[in-house]
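**Student:** Residue numbers (the UniProt record's numbering), protein chains in the order written: chain L, 1 to 285; chain U, 1 to 296.
Keep in mind the hints are simulated off the structure, nothing from the lab.
Don't take each hint at face value.
Claimed, not checked - To spell it out: a stretch of chain U is covered by chain L in this simulated footprint if at least three of its residues, at any positions, have a beta carbon under 8 Å from a beta carbon of chain L; those stretches are:
| id | stretch |
| --- | --- |
| 1 | 112-124 |
| 2 | 244-258 |
| 3 | 277-284 |
To be verified - Restricting the straight-line Cα-Cα distance to at most 25 Å, the calculated cross-link-like pairs of lysine-lysine (BS3-like) are:
| id | chain 1 | residue 1 | chain 2 | residue 2 |
| --- | --- | --- | --- | --- |
| 4 | U | K110 | L | K177 |
| 5 | U | K110 | L | K282 |
| 6 | U | K106 | U | K179 |
| 7 | L | K177 | U | K14 |
| 8 | U | K189 | U | K179 |
| 9 | L | K160 | U | K179 |
| 10 | L | K38 | L | K58 |
| 11 | L | K282 | U | K179 |
| 12 | U | K292 | L | K160 |
Glycine included, each C-beta is placed from N, C-alpha and C at the ideal position.
Chain by chain, the residues:
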Amino acid sequence: MQYKTNRLSSVIEWGTLLSTTLIVCFFLFVIIWEIVSKGVSSLSLEFVSKVPSAGMTKGGILTPIIGTVLLTLITALFAIPFGVCCAIYLNEYAENNWLTRTIRASIRNLSGVPSIIYGLFGLALFVQALQFGTSLIAAGLTLGLLSLPYIITTTEEALKRIPNSTREAALAVGATKFETIKDVVLPSAMSGILTGVVLTLSRAAGETAPILFTGAAFYINGTTGYLNQEFMALPYHLYMLSTQHQSIDQVRPIAYGTALVLVIVVFLLNLTAFYIRYKYRKNEN
Amino acid sequence: MRYKTRISIDILFKGVFKTTGFLVLALLGGIFAMLVYNSISFFLDIKPLDFITGMEWAPTAKTPKYGMLPLIISTTFVTFGAMIIAIPLGIGTAAFISEYAGSRLKNILKPAIEMLAAIPSVVIGFLGIVVLSPGIANIADLPNGLNALNGAILLAIMALPTIITVAEDAIHAVPNAYKEASYGVGATKWQTLRKVIIPAAAPGIIAAVMLGVGRAIGETMTVLMATGNAALIPTGMFDSVKTMTATIAIEMGEVPYQTTHYYALYAIATVLFFMTLFANLVGEFFINRFRKYHAV
Numbered sequence: 001m002q003y004k005t006n007r008l009s010s011v012i013e014w015g016t017l018l019s020t021t022l023i024v025c026f027f028l029f030v031i032i033w034e035i036v037s038k039g040v041s042s043l044s045l046e047f048v049s050k051v052p053s054a055g056m057t058k059g060g061i062l063t064p065i066i067g068t069v070l071l072t073l074i075t076a077l078f079a080i081p082f083g084v085c086c087a088i089y090l091n092e093y094a095e096n097n098w099l100t101r102t103i104r105a106s107i108r109n110l111s112g113v114p115s116i117i118y119g120l121f122g123l124a125l126f127v128q129a130l131q132f133g134t135s136l137i138a139a140g141l142t143l144g145l146l147s148l149p150y151i152i153t154t155t156e157e158a159l160k161r162i163p164n165s166t167r168e169a170a171l172a173v174g175a176t177k178f179e180t181i182k183d184v185v186l187p188s189a190m191s192g193i194l195t196g197v198v199l200t201l202s203r204a205a206g207e208t209a210p211i212l213f214t215g216a217a218f219y220i221n222g223t224t225g226y227l228n229q230e231f232m233a234l235p236y237h238l239y240m241l242s243t244q245h246q247s248i249d250q251v252r253p254i255a256y257g258t259a260l261v262l263v264i265v266v267f268l269l270n271l272t273a274f275y276i277r278y279k280y281r282k283n284e285n
Numbered sequence: 001m002r003y004k005t006r007i008s009i010d011i012l013f014k015g016v017f018k019t020t021g022f023l024v025l026a027l028l029g030g031i032f033a034m035l036v037y038n039s040i041s042f043f044l045d046i047k048p049l050d051f052i053t054g055m056e057w058a059p060t061a062k063t064p065k066y067g068m069l070p071l072i073i074s075t076t077f078v079t080f081g082a083m084i085i086a087i088p089l090g091i092g093t094a095a096f097i098s099e100y101a102g103s104r105l106k107n108i109l110k111p112a113i114e115m116l117a118a119i120p121s122v123v124i125g126f127l128g129i130v131v132l133s134p135g136i137a138n139i140a141d142l143p144n145g146l147n148a149l150n151g152a153i154l155l156a157i158m159a160l161p162t163i164i165t166v167a168e169d170a171i172h173a174v175p176n177a178y179k180e181a182s183y184g185v186g187a188t189k190w191q192t193l194r195k196v197i198i199p200a201a202a203p204g205i206i207a208a209v210m211l212g213v214g215r216a217i218g219e220t221m222t223v224l225m226a227t228g229n230a231a232l233i234p235t236g237m238f239d240s241v242k243t244m245t246a247t248i249a250i251e252m253g254e255v256p257y258q259t260t261h262y263y264a265l266y267a268i269a270t271v272l273f274f275m276t277l278f279a280n281l282v283g284e285f286f287i288n289r290f291r292k293y294h295a296v
């Protein structure tokens, strides 16, 4: 082949790959543009500080915001200690035998289980077997279970990065294994663990399927936030406003506003994670 | 602190850490037991073969029919459509990021992919309703655009970040010596990519696709909101479909506790569990194969 045609075809080839990348970026752009351009007009201080009123056609989204914050808090309180302890066991204590390999395999499988199945499990375990009823606590624990495999995996990655010499130094001056983990290993792995935790929580905050049958409510009048009662949450509120509400066209601006707030919450959590990771990498160098 | 107390604290916490490890096993066991237990209750009423091969899903009809074939076909159909869109885009993007993009462009593209992955599925489903649905209705001259095509496009968007990230890792991990050898015999960049890098990264790319498939099969909110949810066997991309996940999500809220219909939804979940498990296991198999070949 001539050199010139060769050069032309290499431009075409480069263009093909570039265009696939541009299409993917275009998807992201459309999603963000649509949500921001149409949601920003409903966004106001009033929107995030007032409860829904007049059959949710007026007012703000304070109730679902409170619900999502509390829900994520319960998820964090349950999944972080549980997940971090499990990661410590796997990385610091467990020997490489069939039992450890089984535990690792089940963690990988758990992270592939569809979120709707976690919803069914939460319904069977928390709502029915443990008699919590459809409630904030049942939904929070369900999301906690969903988050566990991610927290374990990211925490273990962070623990792996701590060199063994660090542990040996602590053990050599007489610290017990637990003291070594508590005072030396965990503090140095903290930023890595935090990054994983925040990313996981941002996922949990946006999940809808697991809370469908475990406690998310169409509408709550008045006070909210009791552990044993149903709650409103941002993702469920968006789902409900866009498919279940009796006057869908009338509430569309509120739906856009809710979507924007949800996306902002998730992106802020992601930015926090990136910031922690960035600072950590800088300190490492 | 006294030495004895320190030792007992040490032993105590070792026990705590170990217990959490076992509780994770119990969690997977619990999910599995729940699925099996409720499915058995269902299969006492309905023959498994009738369930899997039944052509009609009408659990609320006068004579209820529990054939889940339309749901399996719907899920497969939408997932297949999503992959037709997502595989070329995903591999192309992965190849571009890994082989063509400079480091500055990489620093923009990688966070962009992570942003796409971070968007909640309910938001993507919402856009399926407000953007894609009117668009499809306009182009194809339909009353509404809530159909398999809509769901497939949305699922492709949901699966893309997974496919791109895993495929990019695989392409990136191909040893430089392979490329240098290819350039050395006079191959162009494109020829090297197609004939050397992609084949060498193939197990990793297959893994990426299978993990994307697993993600698409299990995705609930987007298909629930965007596919129209008619439990019929689809004949084309413009037909409305009702996937397995959407069926569970819609009907679990309405069904009376411990009825055949209630158990039927758990039986669907069991089939769903095994389908995603299969996709993920195949993905994992290829990732391990890839690691074996390219271990440094």
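**Student:** All the hints need checking, so say for each whether the structure fits it.
**Tutor:** Verification of the supplied hints:
Given as covered by chain L, the stretch 112-124 of chain U passes the check, having 12 residues with a CB less than 8 Å from a CB of that chain where 3 are the minimum. Coverage of the stretch 244-258 of chain U by chain L holds. Counting CB-CB distances below 8 Å, 6 residues qualify, and the rule asks for three or more. Residues of the stretch 277-284 of chain U with a Cβ under 8 Å from some Cβ of chain L number 4, which satisfies the need for three, so the listed coverage holds. Distance restraint check for U:K110 and L:K177: the Cα-Cα separation of roughly 39 Å exceeds the 25 Å cut-off, and the hinted pair is therefore not satisfied.
Between U:K110 and L:K282 the CA atoms are separated by roughly 19 Å; this keeps the pair inside 25 Å, and the hint holds. Of the pairs offered as hints, the one joining U:K106 and U:K179 holds, with about 20 Å between alpha carbons and a cut-off of 25 Å not exceeded. Distance hint between L:K177 and U:K14 is fulfilled; the C-alpha atoms sit about 9 Å from each other, no more than 25 Å. With a C-alpha separation of about 9 Å, the suggested pair U:K189 and U:K179 falls inside the 25 Å cut-off, and the hint holds.
For the hint pairing L:K160 with U:K179, the CA-to-CA distance comes to about 31 Å; that exceeds 25 Å, so the pair is violated. Of the supplied pair hints, the one linking L:K38 and L:K58 holds, its CA atoms being roughly 17 Å apart against a limit of 25 Å. This hinted pair does not check out: L:K282 and U:K179 have alpha carbons roughly 32 Å apart, beyond 25 Å. As the CA atoms of U:K292 and L:K160 are separated by approximately 21 Å, the hinted pair is consistent with the 25 Å bound.
The structure fails to meet hints 4, 9, 11 from the earlier list, while all remaining hints are met.
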